[in-house]
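Residue numbers (the working numbering), protein chains in the order written: chain A, 16 to 150; chain B, 16 to 150; chain C, 16 to 150; chain D, 16 to 150; chain E, 16 to 150; chain F, 16 to 150.
One should not assume that every hint holds.
Same chains, same names: a pair is fine if it fits in one copy or spans any two.
[What the hints assert, rightly or not] The calculated DSS-like cross-link candidates involving lysine-lysine, where the alpha carbons are at most 25 Å apart (straight line), are: (1) K40 x K94; (2) K144 x K40; (3) K94 x K134; (4) K134 x K40; (5) K94 x K148; (6) K148 x K134.
It should be emphasised that the hints constitute simulated quantities derived from the structure, not laboratory data.
6 protein chains.
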Amino acid sequence: MLTTETRYQRGQRALAEIDGEAGQKVIDALADIAPDFARYVIEFPFGDIYTRPGLSLREREIATIAALCALGNATPQLKVHIHASLNVGLTRTEITETLMQMAVYAGFPAALNGLFAAKEVFASHNEIKAQSKVE
Amino acid sequence: MLTTETRYQRGQRALAEIDGEAGQKVIDALADIAPDFARYVIEFPFGDIYTRPGLSLREREIATIAALCALGNATPQLKVHIHASLNVGLTRTEITETLMQMAVYAGFPAALNGLFAAKEVFASHNEIKAQSKVE
Amino acid sequence: MLTTETRYQRGQRALAEIDGEAGQKVIDALADIAPDFARYVIEFPFGDIYTRPGLSLREREIATIAALCALGNATPQLKVHIHASLNVGLTRTEITETLMQMAVYAGFPAALNGLFAAKEVFASHNEIKAQSKVE
Amino acid sequence: MLTTETRYQRGQRALAEIDGEAGQKVIDALADIAPDFARYVIEFPFGDIYTRPGLSLREREIATIAALCALGNATPQLKVHIHASLNVGLTRTEITETLMQMAVYAGFPAALNGLFAAKEVFASHNEIKAQSKVE
Amino acid sequence: MLTTETRYQRGQRALAEIDGEAGQKVIDALADIAPDFARYVIEFPFGDIYTRPGLSLREREIATIAALCALGNATPQLKVHIHASLNVGLTRTEITETLMQMAVYAGFPAALNGLFAAKEVFASHNEIKAQSKVE
Amino acid sequence: MLTTETRYQRGQRALAEIDGEAGQKVIDALADIAPDFARYVIEFPFGDIYTRPGLSLREREIATIAALCALGNATPQLKVHIHASLNVGLTRTEITETLMQMAVYAGFPAALNGLFAAKEVFASHNEIKAQSKVE
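Please build the complete structure, drawing on both the sequences and the hints.
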């Protein structure tokens with residue numbers, strides 16, 4: 016069982032680093048409906064792909080938010096990854112630049128919806144920061 | 016007419032730097048069917064978006080090939096931008112990593128078709144290099 | 016008018032058997048905006064397609080939830096058909112297996128959103144069952 | 016700066032004529048997240064495209080609601096343009112006919128979701144009319 | 016059998032008027048693989064939808080080419096309908112304007128691919144005209 | 016290394032059973048561009064998903080061809096899986112019924128393009144059968 020466990024453990028470390036609590040919530044929400052799928056989410060995207068060398072996490076998140084914004088049918092995942100982009104060090108400007116560029120490839124509605132998703136995530140980040148200053 | 020011309024000129028410089036001859040061919044092919052659209056392609060994507068600060072051209076091309084690979088319905092443009100990615104300094108590994116990651120967000124067929132598009136572009140690059148050594 | 020009526024009647028029987036109340040609600044909601052379209056929904060998908068021999072209703076629902084999960088832009092219809100899948104005898108496991116498989120063809124976000132739609136439908140089924148035991 | 020301003024001014028006139036208040040709200044919502052993108056929305060779609068000769072605004076809106084209904088991943092923009100379609104003189108029947116036709120090209124779920132979006136917009140229009148009679 | 020036949024006959028007249036030979040070729044190509052589907056193509060899109068009042072054929076074709084260009088995954092059908100658009104009286108300019116506008120809603124690659132499809136159809140029309148002058 | 020090897024071996028058996036030579040060709044074509052991705056294709060879709068209990072291979076292929084036909088942007092993979100559907104025991108009628116049903120959920124062009132892909136695959140199967148009789 017060594018290697019499967021290792022993919023899983025490697026995936027969990029990557030998930031925690033990239034998506035933080037938001038990622039863990041997705042995993043938890045799968046527990047009662049498709050627990051094996053929770054394992055696959057950790058093992059394949061995070062254990063196999065995000066931990067590969069060749070691209071930095073910053074670059075991987077640019078690719079991910081570009082794709083999710085362009086596809087336009089996965090808003091919850093786009094928000095998780097805008098949050099993740101901040102976690103791995105992208106600036107708000109780098110995120111909005113990536114989303115704006117999608118107007119060229121997927122149309123203005125896709126870019127607008129991506130930008131409004133970012134607006135929500137940035138606002139919730141401001142609240143978290145404000146709270147943590149008070150505490 | 017100064018500013019419009021400037022957007023157009025700025026766009027032409029960006030187009031030449033990023034897409035090279037492949038970009039110019041697209042513009043030329045539009046001349047007899049939709050010449051105004053040729054101008055828009057130069058002005059908006061290249062004059063307005065690619066020349067913005069905030070993201071490097073390398074990062075912008077990662078976003079573009081991620082989106083075009085994920086959408087999966089624009090193979091000619093994906094090939095132009097895999098070529099462009101090499102022009103602006105992405106390595107072949109960085110390109111294939113970006114395309115492989117799309118399996119997570121758009122499915123394995125999208126990633127496979129992106130990788131096979133890259134295979135074609137890389138092969139034609141090898142030929143160009145081989146030819147230029149001979150000459 | 017005999018044949019049109021027959022397609023319509025055949026469609027109504029299929030709609031009632033497959034989608035139950037949820038299907039009828041869709042038809043009713045169309046009454047004031049596009050009544051002819053309500054008729055087409057009954058006649059073509061249900062009167063023409065679902066009543067064809069060659070595939071069982073179980074197999075047809077596997078095809079439908081696979082497609083709607085993969086497309087990812089029709090959550091209300093996906094929920095109606097997850098409900099319908101239970102009606103025609105698919106187990107919860109068969110439904111979640113179908114949705115999980117979509118990670119391969121349409122990406123992990125599409126599969127996740129399909130599974131979360133199933134979670135909602137299954138929960139509302141549990142409530143209905145609990146209520147009907149009490150009554 | 017004359018020409019850029021002119022595109023912007025021309026775009027603002029077109030935006031006001033076509034989308035009315037709903038369009039201005041979108042522009043305002045971009046102010047704190049991506050103000051340059053607000054400018055692009057006015058300049059390219061409205062300043063460059065909608066003001067072109069060759070198609071009437073009625074015909075342009077038919078094309079837009081057909082595309083947004085078919086794509087199925089941009090409901091907020093579809094609603095803005097159903098509203099816009101009424102503004103530029105399309106009748107409710109012409110709008111629902113366009114949306115119904117999308118069943119052929121993008122499937123019944125896309126058409127249904129388009130029709131239900133229209134139902135909401137038409138209902139809010141009825142309220143606005145009722146209010147303005149009272150005032 | 017009267018009404019079904021009537022839908023079929025009405026559909027055949029509409030198919031012949033709108034798509035001409037190109038439509039009949041599609042129907043013929045289905046004969047050995049899915050003859051019932053050939054009948055459905057005639058009956059539902061053409062017998063039910065295109066023959067409805069409320070929109071002119073010109074307007075219906077604007078909606079169709081807009082949707083097919085935006086979806087970007089049905090090039091053969093887009094070409095058939097660009098041809099059909101000419102048949103029902105749209106000018107080349109009206110067709111290219113519709114396709115250009117799709118850059119706003121589905122991105123520049125979708126619009127470019129639509130315009131290049133139109134370029135092909137227009138060229139084949141020129142040949143047909145040239146031939147018929149000679150004969 | 017036991018478990019990873021086991022996923023890989025299990026995946027190879029599933030790939031051989033389901034996709035046959037066509038699947039192996041895809042794997043081989045990846046060798047020089049993205050060998051790790053070839054491994055992932057074997058491990059995740061085939062080693063993890065297709066070998067799960069809960070759905071028969073016949074049912075899994077119905078789901079796959081439904082999804083690929085509906086998405087409409089992965090014709091090579093659709094052909095591989097129409098071929099695979101025959102391998103795992105679906106009849107030609109069951110395959111065409113599944114594809115026809117997609118007209119309801121993804122539109123007539125998607126269904127037509129799926130049926131024409133099936134026509135090609137069926138024709139190549141006829142040739143293979145004819146050849147093997149001669150040999």
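Okay, the hints, checked on the actual structure:
Taking the closest pair of Cα atoms, K40 and K94 come within 25 Å of each other both inside a single copy (13 Å) and across two copies (22 Å). Proximity of K144 to K40 under the C-alpha cut-off of 25 Å is restricted to the intra-copy arrangement: shortest distance 20 Å within a copy versus 28 Å between copies. For the identical chains of this complex, K94 and K134 are neighbours both inside a copy (10 Å) and across copies (21 Å), given an alpha-carbon limit of 25 Å. In this assembly of identical chains, K134 and K40 lie within 25 Å of each other by CA distance both inside one copy and across copies; the values are 21 Å within and 15 Å between.
Only within a single protomer do K94 and K148 lie at most 25 Å apart by alpha-carbon distance; the minimum there is 24 Å, versus 41 Å between protomers. In this assembly of identical chains, the alpha carbons of K148 and K134 lie at most 25 Å apart only when taken from the same copy (21 Å versus 37 Å across copies).
Consistency note: the structure conflicts with none of the earlier hints.
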